[in-house]
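These protein sequences, in sequence, are chains A and B.
Residue numbering for the first sequence follows our numbering, beginning at 1 and increasing consecutively.
Residue numbering for the second sequence follows our numbering, beginning at 1 and increasing consecutively.
None of these hints come from the bench; they were simulated from the model.
Heads up, some of the hints might be wrong.
Intra- or inter-copy, both count: the list cannot distinguish identical chains.
Stated by the list, open to error - Calculated cross-link-like contacts (lysine to aspartate or glutamate; reagent style DMTMM-like; alpha-carbon spacing at most 25 Å):
| no. | residue 1 | residue 2 |
| --- | --- | --- |
| 1 | Lys107 | Asp195 |
| 2 | Lys95 | Asp120 |
| 3 | Lys173 | Asp195 |
| 4 | Lys95 | Glu112 |
| 5 | Lys85 | Glu141 |
| 6 | Lys184 | Asp25 |
| 7 | Lys210 | Glu171 |
| 8 | Lys184 | Glu38 |
Number of protein chains: 2
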Amino acid sequence: MADGLIAFPKATISRFPLYFRVLTDYNHQDIALVSSEEMAQKIGVTSSQIRKDFSYFGSLGIRGAGYDVTYLLDMIKEILGMDKKRRLAVIGAGKLGMALAGYSGLKQHGLEVAALFDTDRRKWAQGPGGLTVFPLTELAEQKEKLGMEIAVLTVPAVVAQTVAELAVKSEFKAIWNFAPVRLKVPSNIIVQYEDLVVGILTLSHHLARKFG
Amino acid sequence: MADGLIAFPKATISRFPLYFRVLTDYNHQDIALVSSEEMAQKIGVTSSQIRKDFSYFGSLGIRGAGYDVTYLLDMIKEILGMDKKRRLAVIGAGKLGMALAGYSGLKQHGLEVAALFDTDRRKWAQGPGGLTVFPLTELAEQKEKLGMEIAVLTVPAVVAQTVAELAVKSEFKAIWNFAPVRLKVPSNIIVQYEDLVVGILTLSHHLARKFG
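Same shape as in the complex, but just chain A:
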């Protein structure tokens, strides 16, 4: 089976949520076995790519008529750390912070926004879906109380570094950063950068090439 210590390439990891979704669908339809060809058609990845990605799991999940849906689901959940529930603190209760806090895609993957934080007192206690927006000064205290591990930064770029340092001081292990700046944090902190502009600029690049 997959060694929990394997570090998958980012491109491979990026396909796992797709696999997870389609396999969950099969599971709900009580389909026990699928071929890489069927999956390929559903998600727009070549069947050889799927076979290559699944080869990491060894031969246990392969049966005569295809891949074992339940086995693959378990493998992918484990690799993506979905067997553990993770709680998130969203720092910055602006539009993006609020959108993430209300985003159902997180819960489906074992991730839960437990609270929001903001320096603006007008935003305190106004969170979506029963969530509380706390003063940022309560970050460390609430982290302990609510058992949050991941700090989600949806703050303006100019304050992102300061907020990241506060998150580190509050003993968060990981930062999911939406602010368009590189953060300087100790190397044991896991940082994942999310820059919405990259996607649309990639699209814009292709548009310029194709249509001028």
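Take the given structure of chain A and dock chain B to it, following the hints.
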């Protein structure tokens, strides 16, 4: 100079917004020349990677003491299609749609949300920043009127395919898709997928590897 027809690898493209930001800063500070080492320190990319990326631009931008900031900015703007203003239609005026419509990072890169669309009449006319939310049935008409080229899909997964087909019928050239589904559209339509779950699951994977 950079041939407008070069298709840069996605990983290279993903660094251009970073380069653009730091070069704009230098420009605002009236700094005319920068070394790859200075830039490397600022954005957390190795200097050899920067030199490799900039080698696409030929030798024109290189001067004795470093790279010509204005020249690089022009090149990057052209490659990313930022020399042309592009107008976006956000379809789905939920939290994410509203957040994108109010996102200042788009305007900084020559992209502008011109209108939002929704099937829910309660949302009509409630857009952020003076923007109008139109009935989805007016998509084709408003596309023409407002000169929009890119359809941004922030609709639920179950309706994404239908909405994509409507966008194609309304003659949008490109789709920026936030719904977690693969779209079936004609091959001349440019589709850029954005899946927020991929980033956080990558982080979760690293968290599971490191801390269990």
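Quiz item: Looking at the structure, which of the earlier hints fail to hold?
Solution: Of the numbered hints, all hold.
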